[in-house]
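Engineer: Each chain is listed here by its residues.
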Amino acid sequence: MEGLAQDIFAELIDDVCLGLCFEVHRSAKCGFFFLDDVDAESMQEFEIVDKAGVDIFGQVYNQCKNRDCECPNCGRTIAAARFAPHLEKCLGMGRNSSRLANRRLANSNNSSLNKSESDPEDNDDINDNDWSYSSEKKAKKRKADKNPNSPRRAKSLKHKNGEIGSGISDIMKQCGVISEHTKKMCTRSHRCPQHTDDQRRASALETEEVDVDGYDGVENTSYEPSCLWDATSDTSPTDSVSSKNSESPPQPPISCGYDGCGISAKDSVSHGVADDADPEGTTSSDSKKNKKSHIQCSPIPAAQTGMVACSGKKKKRPPTPGSSP
Amino acid sequence: MTSRRNMADFPDRKLSKDAQLRQSINQKLIENGERDRLKELLRTKLIECGWKDQMKAHCKEIIRQKGLEHVTVEELVTEITPRGRALVPDSVKKELLQRIRTFLAQNSNF
Numbered sequence: 001m002e003g004l005a006q007d008i009f010a011e012l013i014d015d016v017c018l019g020l021c022f023e024v025h026r027s028a029k030c031g032f033f034f035l036d037d038v039d040a041e042s043m044q045e046f047e048i049v050d051k052a053g054v055d056i057f058g059q060v061y062n063q064c065k066n067r068d069c070e071c072p073n074c075g076r077t078i079a080a081a082r083f084a085p086h087l088e089k090c091l092g093m094g095r096n097s098s099r100l101a102n103r104r105l106a107n108s109n110n111s112s113l114n115k116s117e118s119d120p121e122d123n124d125d126i127n128d129n130d131w132s133y134s135s136e137k138k139a140k141k142r143k144a145d146k147n148p149n150s151p152r153r154a155k156s157l158k159h160k161n162g163e164i165g166s167g168i169s170d171i172m173k174q175c176g177v178i179s180e181h182t183k184k185m186c187t188r189s190h191r192c193p194q195h196t197d198d199q200r201r202a203s204a205l206e207t208e209e210v211d212v213d214g215y216d217g218v219e220n221t222s223y224e225p226s227c228l229w230d231a232t233s234d235t236s237p238t239d240s241v242s243s244k245n246s247e248s249p250p251q252p253p254i255s256c257g258y259d260g261c262g263i264s265a266k267d268s269v270s271h272g273v274a275d276d277a278d279p280e281g282t283t284s285s286d287s288k289k290n291k292k293s294h295i296q297c298s299p300i301p302a303a304q305t306g307m308v309a310c311s312g313k314k315k316k317r318p319p320t321p322g323s324s325p
Numbered sequence: 001m002t003s004r005r006n007m008a009d010f011p012d013r014k015l016s017k018d019a020q021l022r023q024s025i026n027q028k029l030i031e032n033g034e035r036d037r038l039k040e041l042l043r044t045k046l047i048e049c050g051w052k053d054q055m056k057a058h059c060k061e062i063i064r065q066k067g068l069e070h071v072t073v074e075e076l077v078t079e080i081t082p083r084g085r086a087l088v089p090d091s092v093k094k095e096l097l098q099r100i101r102t103f104l105a106q107n108s109n110f
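Going line by line, the protein sequences match chains C and G.
Just so you know, we're using our numbering here: the first sequence kicks off at 1 and counts up by one.
Just so you know, we're using our numbering here: the second sequence kicks off at 1 and counts up by one.
Quick caveat, the hints were computed from the structure, so don't treat them as lab data.
Glycine residues also receive a C-beta, built at the ideal position from the N, C-alpha and C atoms.
Please note that a few of the clues may not be correct.
Reference excerpt, derived from the structure (chain C facing chain G, CB under 7 Å, subset only) [said to hold, decoys possible]:
id: 1; residue: MET1
id: 2; residue: ALA5
id: 3; residue: ILE8
id: 4; residue: PHE9
id: 5; residue: LEU12
id: 6; residue: VAL16
id: 7; residue: HIS25
id: 8; residue: ALA28
id: 9; residue: PHE32
id: 10; residue: LEU35
id: 11; residue: MET43
id: 12; residue: PHE46
id: 13; residue: ILE48
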């Protein structure tokens, strides 16, 4: 047994030696076996320096720290510590430089647009449109200009809907219904199937911040007496609404869409406001908006009610929807 | 020390009991993984005691003598192995032998 143990041990040693030989042979042939060897001359040359004020190579401290670099872009000599931020701005890369540039662009745009918006033509438009669209445009545009390219595009998109430079040609021809979920204006056309005219008026009115429960609009003398409700009350509850509305040519879409009833949205508040007198009113969620507006002025599509009642009263609230003239 | 009997000594004859025993034990050693463990242990110990550095220095001398281009693995092995065996410190040898004996004692009865 002892012999066996010895033999086993001897075999193990042989294996280890063989492994060592392989290792040495490979390193010798690859050329890194003799790297540790040093001769006396190089030993002295590269000896470790142990003096004070000097590092182990014998070099003095602080020499490299004050090196100035030459910017390859602008050619200026910049201190090494300030070189990286300078390059960032000089080359226009990096986070902060893009933000700065955007801000500058926004400011310049804003200032140039402020001049154009004060044109007399635009002022006229402001007066004409009771929806005071341009003022809204201005307010929204300023907000958007803060961060035109920022990550907050979801919000600024909302404002873009009202921007002058937006891709949509004429904003007055948009549907304009502001969705409750996304707070965005619907940019589809006036005939967009998702929104009814009532919603359009409602959205317009809500942004108007008119006291819909008050009687302010009632005293409006610009009210056209020729509100021919009877003549047009026989519209079918289906899509003829939109067609009717489109027939009234120069009216903004948010006015009372009936032919001949050319009351703009602002006035239309009084046009048939009956939030309390509308028991048979629309039951859908839109009805809440509609209640505040003069829903009764339009033939509400069948989905909502079959009721058509523009009472057409001037100074009084219409008593009930059913008692329309 | 008893004479070593290699397998090569019994090429055509039926293996003797001794040889059979050796064979079976070796097999067990390998199957168990004990052999590898022993080898690793030996390597570690030899490095710790400096045996490996000594051997490397010896190799350097040999290579310098023979010239780098002509050195082969076989030459190295034949030169180095006797020296390697001789240079193993006794403590290492003793410990390993101890372990081998323990293993033999445990496994020879199966």
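Engineer: Taking the hints in turn, state whether each one holds.
Structural biologist: Hints versus structure:
1. MET1: OK, holds: C/MET1 within 7 Å of chain G, min 6 Å.
2. ALA5: holds, 4 Å
3. ILE8: Constraint on C/ILE8 satisfied, holds at 5 Å.
4. PHE9: Given a least distance of 6 Å, the restraint on C/PHE9 holds.
5. LEU12: holds, 5 Å
6. VAL16: Holds, because the Cβ-Cβ distance from C/VAL16 to chain G comes to roughly 6 Å (cut-off 7 Å).
7. HIS25: Holds: closest Cβ of chain G sits about 5 Å from C/HIS25, inside 7 Å.
8. ALA28: Status holds, d = 5 Å.
9. PHE32: violated, 12 Å
10. LEU35: violated, 11 Å
11. MET43: violated, 18 Å
12. PHE46: For C/PHE46, the interface hint is violated, since the closest Cβ of chain G sits about 22 Å away, which is over 7 Å.
13. ILE48: C/ILE48 check fails; min Cβ-Cβ to chain G is 23 Å, beyond 7 Å.
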